[in-house]
Amino acid sequence: MSSENLFELNNVAKRFTKGKETISIFEGLNMHIKKGDFMAIMGPSGSGKTTLLNLLGGVDQPTSGEITFAGQRIDNLSESKLAKWRANNIGFIFQFYNLMPMLNAAKNVELPLLLTNLSSSERKKQVATALQLVGLSDRAKHMPSEMSGGQQQRVAIARAVVSDPTFLLCDEPTGDLDRQTADEILEMLQLLNRQFGKTIVMVTHDPSAAKFASHTVHLNKGKFVKAEELMA
Amino acid sequence: MSTLLSQSAAVIKMNIQSLPRRLWMSLAMVFASAVVVAILLAFLAMAKGFDATMQSAGSDDIAFFMRVGSAAELNSSASREQVNLIENAPGIMRDEQGPMVSAELYVIVDGVKKSSQTEANLPLRGLDQRGVTMRKGFTLVAGRMFEPGTDELIVGAGVLREFDGFDLGQEIRFGKYTWKVVGVFSAGGNVFESELWADAKVIQNLYNRGSSYQSVRARLEPGASLDAITAYLKSEPRLTHEVQTESAYFAEQGKSLAYMAMFGWVISCIMALGALAGALNTMYTSVSDRAMEIATLRAIGFSNFSAFIGTMAEAMALAVLGSLLGSLVAYIFFDGLNASTLGGSFTQVVFSFKLTPELFANGITLALIIGFVSGFFPAWRAARVPVILAFQAGR
Chain X
1 MSSENLFELN
11 NVAKRFTKGK
21 ETISIFEGLN
31 MHIKKGDFMA
41 IMGPSGSGKT
51 TLLNLLGGVD
61 QPTSGEITFA
71 GQRIDNLSES
81 KLAKWRANNI
91 GFIFQFYNLM
101 PMLNAAKNVE
111 LPLLLTNLSS
121 SERKKQVATA
131 LQLVGLSDRA
141 KHMPSEMSGG
151 QQQRVAIARA
161 VVSDPTFLLC
171 DEPTGDLDRQ
181 TADEILEMLQ
191 LLNRQFGKTI
201 VMVTHDPSAA
211 KFASHTVHLN
221 KGKFVKAEEL
231 MA
Chain Y
1001 MSTLLSQSAA
1011 VIKMNIQSLP
1021 RRLWMSLAMV
1031 FASAVVVAIL
1041 LAFLAMAKGF
1051 DATMQSAGSD
1061 DIAFFMRVGS
1071 AAELNSSASR
1081 EQVNLIENAP
1091 GIMRDEQGPM
1101 VSAELYVIVD
1111 GVKKSSQTEA
1121 NLPLRGLDQR
1131 GVTMRKGFTL
1141 VAGRMFEPGT
1151 DELIVGAGVL
1161 REFDGFDLGQ
1171 EIRFGKYTWK
1181 VVGVFSAGGN
1191 VFESELWADA
1201 KVIQNLYNRG
1211 SSYQSVRARL
1221 EPGASLDAIT
1231 AYLKSEPRLT
1241 HEVQTESAYF
1251 AEQGKSLAYM
1261 AMFGWVISCI
1271 MALGALAGAL
1281 NTMYTSVSDR
1291 AMEIATLRAI
1301 GFSNFSAFIG
1311 TMAEAMALAV
1321 LGSLLGSLVA
1331 YIFFDGLNAS
1341 TLGGSFTQVV
1351 FSFKLTPELF
1361 ANGITLALII
1371 GFVSGFFPAW
1381 RAARVPVILA
1391 FQAGR
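In order, the protein sequences belong to chains X and Y.
Using our numbering, the letters of the first sequence correspond one by one to residues 1 to 232.
Using our numbering, the letters of the second sequence correspond one by one to residues 1001 to 1395.
Chain X with its partners taken away, still in its complex shape:
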């Protein structure tokens, strides 16, 4: 493994069984993600984007093959070890924000810190820093229902980075936002990548969003293809 690679997927296969039928999503998929990369993954519906996202996020496991993260295999970890691994290494940003509606912004951002041994005052400090980073210090006590979509997504970004994970996994992060707000969010992700060195993988349907990434890969029928092939 190259020392620069954060993620490596070697000969990964993922199949689902539906009744008597076996559906293959990937066969022999290889890829790597370099540390500090900002990768956009594009592709039509059913191309395997979400499955790849799930595998990278440690929320699903491959049928065969190896997935390593910083040199450590994660494809064979138990569910509880995967949960710890996710807590330590991954920040998730979802299309529909997935904020807890009963918690205010600060409490939502604090959630990942409950998995650490930080004291309450330390947690509060980190939450304040994360909210400041996304420009929502003045909205700390606001409930999700009192915020716009863009503000909610910023809270979700603050939640994703509050425990300082290496890797951010974004699932259509601007899919539910207008163009202007989407660009603000994407600029924020760019900032996290460039200034804070976060490695980011973003799944998107939107070519304008993909432009904010340092490079884009295209998936079609479980294989990486060139953009031109996808257009053809």
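Think of the hints as simulated: they come from the structure by calculation, not from any bench.
Small disclaimer: the values here were computed from a predicted structure and weren't measured.
By construction, the Cβ of each residue, glycine as well, lies at the ideal position given by its N, Cα and C atoms.
Keep in mind that a hint or two might mislead.
So, partial list: chain X residues that the calculated Cβ filter (under 8 Å) puts toward chain Y [stated by the list, open to error]: (1) Gly57; (2) Val59; (3) Leu77; (4) Glu79; (5) Ala83; (6) Lys84; (7) Arg86; (8) Ala87; (9) Met102; (10) Leu114; (11) Thr116; (12) Asn117; (13) Glu184.
Simulated restraints on C-beta separations [as the list claims (entries may be wrong)]: (14) X/Pro207 x Y/Asn1281: 42 to 52 Å; (15) X/Thr166 x Y/Glu1358: 54 to 64 Å; (16) Y/Val1320 x X/His32: 50 to 60 Å; (17) X/Asn88 x Y/Lys1013: 50 to 60 Å; (18) Y/Phe1031 x X/Asn88: 41 to 51 Å; (19) Y/Leu1004 x X/Val225: 40 to 50 Å.
Straight line, CA to CA, 20 Å or less: simulated PhoX-like cross-link-like pairs of lysine-lysine [to be verified]: (20) Y/Lys1201 x Y/Lys1180; (21) X/Lys34 x X/Lys49; (22) X/Lys221 x X/Lys18; (23) Y/Lys1013 x X/Lys124; (24) X/Lys141 x Y/Lys1013; (25) Y/Lys1113 x Y/Lys1180.
Given the coordinates of chain X, work out where chain Y should sit on it, guided by the hints.
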């Protein structure tokens, strides 16, 4: 471990805070648990109240004599000669008037219940002043004591409360004879308050009992042995009696309504099954409602244990809330409720429903069982909500 606690605490708090989203389903579970607990407590309070009414009547230092084989005073008898022999038994306390013994009669008369206007049996006890002093907690709350040798009687406070026609100064007719109510007495809420008391000799005359009685009470000397008295009874061929403490007699009488507690448990358990079905539905709905939140927390790194505990805590909280509501309803509507039922001597015993901390604990325990079972399986499902679901929200 500390992170497991903090994440579980956070999930529990979130679940409780999300309850308003499932208000009606949650209230249904609360009400179902409340109904089960209230009904259980009603039956248990009835049995407890009856038992307390009987138990509190008896004293450990009173020896109670009945004819062998008599289940209750009504079936017993004691001739004057036998009473004289009992007065000579060992361990019987004496004072300047002689042995502290009360030979008593127990006959059944009719009364009309205020609640239903139906006739019911009431005990008319014949005794003298010696017998009255043997009753703990006896006080005349109105009027005066009956005059020996007259057709006067005093009524227990329970009889006055539950039956028509026993007001102070009123005349009441039993069969061919008319009595005058000259006093009302209290006996600390025990079974004696369900009785009418009159002079024993008058009752002997009116009811053709000659010089015979039915039961005999005797105050025991401190440290007196019932074994010695039993030995005396066996050694005296003219005596066909057995002895027990008065408290033991009433404890046995109190068991006659113990089936009510058992019946209460059976009814409540059957109802609990129905409540359980509703509670399971509520909790499965809760898991379904929170699936995206559970999956998101799991994606962030929360353990499946926290999802399990969160759901269990919600179920237990709703059940406890239900039990508190049920207990409150039972307390308001049943605690102290007056009722009368047939006692061991085929006469009405007036008693009050009685709720105790122990009974409340029983109700809460039953609700907790409902909460635990109804929470366990949905919690198991919550712990297995696929994390992938977090990525499917809104799709």
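A quick look at each hint next to the structure:
1. Gly57: X/Gly57 check passes; min Cβ-Cβ to chain Y is 7 Å, inside 8 Å.
2. Val59: Hint on X/Val59: holds, closest Cβ of chain Y at ~4 Å, below 8 Å.
3. Leu77: Check failed: Cβ of X/Leu77 comes no nearer than 13 Å to chain Y, outside 8 Å.
4. Glu79: This interface hint holds because 7 Å falls under the 8 Å limit.
5. Ala83: The hint holds - X/Ala83 has a Cβ within 8 Å of chain Y, the shortest such distance being about 5 Å.
6. Lys84: 7 Å, holds
7. Arg86: It holds, given that the least Cβ distance between X/Arg86 and chain Y is near 5 Å, below 8 Å.
8. Ala87: 3 Å, holds
9. Met102: 4 Å, holds
10. Leu114: 5 Å, holds
11. Thr116: 7 Å, holds
12. Asn117: 6 Å, holds
13. Glu184: 21 Å, violated
14. X/Pro207 x Y/Asn1281: 42 to 52 Å: About 47 Å separates the Cβ atoms of X/Pro207 and Y/Asn1281, which means 42 to 52 Å holds.
15. X/Thr166 x Y/Glu1358: 54 to 64 Å: 59 Å, holds
16. Y/Val1320 x X/His32: 50 to 60 Å: The hint (50 to 60 Å, Cβ to Cβ) holds, given that Y/Val1320 and X/His32 are roughly 54 Å apart.
17. X/Asn88 x Y/Lys1013: 50 to 60 Å: 24 Å, violated
18. Y/Phe1031 x X/Asn88: 41 to 51 Å: 45 Å, holds
19. Y/Leu1004 x X/Val225: 40 to 50 Å: The hinted range 40 to 50 Å holds for Y/Leu1004 and X/Val225, with Cβ atoms some 45 Å apart.
20. Y/Lys1201 x Y/Lys1180: Distance of about 16 Å is within 20 Å: holds.
21. X/Lys34 x X/Lys49: 18 Å, holds
22. X/Lys221 x X/Lys18: 18 Å, holds
23. Y/Lys1013 x X/Lys124: 18 Å, holds
24. X/Lys141 x Y/Lys1013: Between X/Lys141 and Y/Lys1013 the Cα gap is close to 17 Å, so the pair holds against 20 Å.
25. Y/Lys1113 x Y/Lys1180: 19 Å, holds
Violated hints, listed in ascending order, are 3, 13, 17; each of the other numbered hints is respected by the structure.
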